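*Asks:* Here is how the chains run, residue by residue.
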Amino acid sequence: DSGVTQTPKHLITATGQRVTLRCSPRSGDLSVYWYQQSLDQGLQFLIQYYNGEERAKGNILERFSAQQFPDLHSELNLSSLELGDSALYFCASSVDIYYEQYFGPGTRLTVT
Amino acid sequence: AQSVTQPDIHITVSEGASLELRCNYSYGATPYLFWYVQSPGQGLQLLLKYFSGDTLVQGIKGFEAEFKRSQSSFNLRKPSVHWSDAAEYFCAVGSPITQGGSEKLVFGKGTKLTVNP
Chain L
1 DSGVTQTPKH LITATGQRVT LRCSPRSGDL SVYWYQQSLD QGLQFLIQYY
51 NGEERAKGNI LERFSAQQFP DLHSELNLSS LELGDSALYF CASSVDIYYE
101 QYFGPGTRLT VT
Chain S
1001 AQSVTQPDIH ITVSEGASLE LRCNYSYGAT PYLFWYVQSP GQGLQLLLKY
1051 FSGDTLVQGI KGFEAEFKRS QSSFNLRKPS VHWSDAAEYF CAVGSPITQG
1101 GSEKLVFGKG TKLTVNP
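These protein sequence lines are chains L and S, in that order. Taking our numbering, I'd label the letters of the first sequence as residues 1 to 112. Taking our numbering, I'd label the letters of the second sequence as residues 1001 to 1117.
Note that these hints are calculated values from the structure, not bench results. From a predicted model like this one, the values you see are computed outputs, not experimental measurements. All the pointers check out, no bait thrown in.
With a straight-line Cα cutoff of 30 angstroms, these simulated DSBU-like cross-link-like pairs (lysine-lysine) come out:
hint, chain 1, residue 1, chain 2, residue 2
1, S, K1061, S, K1109
2, L, K9, S, K1049
3, S, K1049, S, K1061
4, S, K1061, L, K9
5, S, K1112, S, K1061
6, L, K57, S, K1112
7, L, K57, L, K9
8, S, K1112, S, K1049
9, S, K1068, S, K1109
10, S, K1109, S, K1049
11, S, K1109, L, K57
12, S, K1112, S, K1068
13, L, K9, S, K1109
14, S, K1068, S, K1049
15, S, K1049, L, K57
16, S, K1112, L, K9
Could you build all of it, start to finish, from the sequences and the hints given here?
*Replies:* Okay, here's the thing in structure tokens:
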């Protein structure tokens, strides 16, 4: 158990819908990262937050957004969902910017 | 841009045999390097990391990896594989912000390990 929690574990929704994925980092970690894992693209970095502020962006679609709250938990919002958004979404956290990242168990999103 | 290549998509070894998983990276400066393992339906577990110093690093579960700057490699090894090691293994490179890179992990495509009894 990495100490990073993600909810829900599974999510099934229809195209065009909007969902919110939630992540709680390890106690004491200030940095939260979101990654998408799909069969064709592999593991791709989406976005990073550090102590409530956005720090880095990767291959994140405009339909996706994220935020980190004062209690350091983070949410990833996916809207206007398409079939191709079906993937595993991982949250990771680290104590600071240059430290190793610890991953949560992931949320499996299925868009039908 | 940084990139990571894991040349072997799938490797099969017998239980008790030694294991080496290959990883090559492309990065202009001193990289931060990681190996993660993912069991089916699970998240990624950090096996070991290299930041600086001794080029042979020890990790959990009896794994080790050696950083070779001249070959841009960070291969993962285990002297004797157990059936429970069957999983997918990912090599990743990180970029420290002080060198102008972004703060993210770039992953290889992974190597799936099958262990025969």
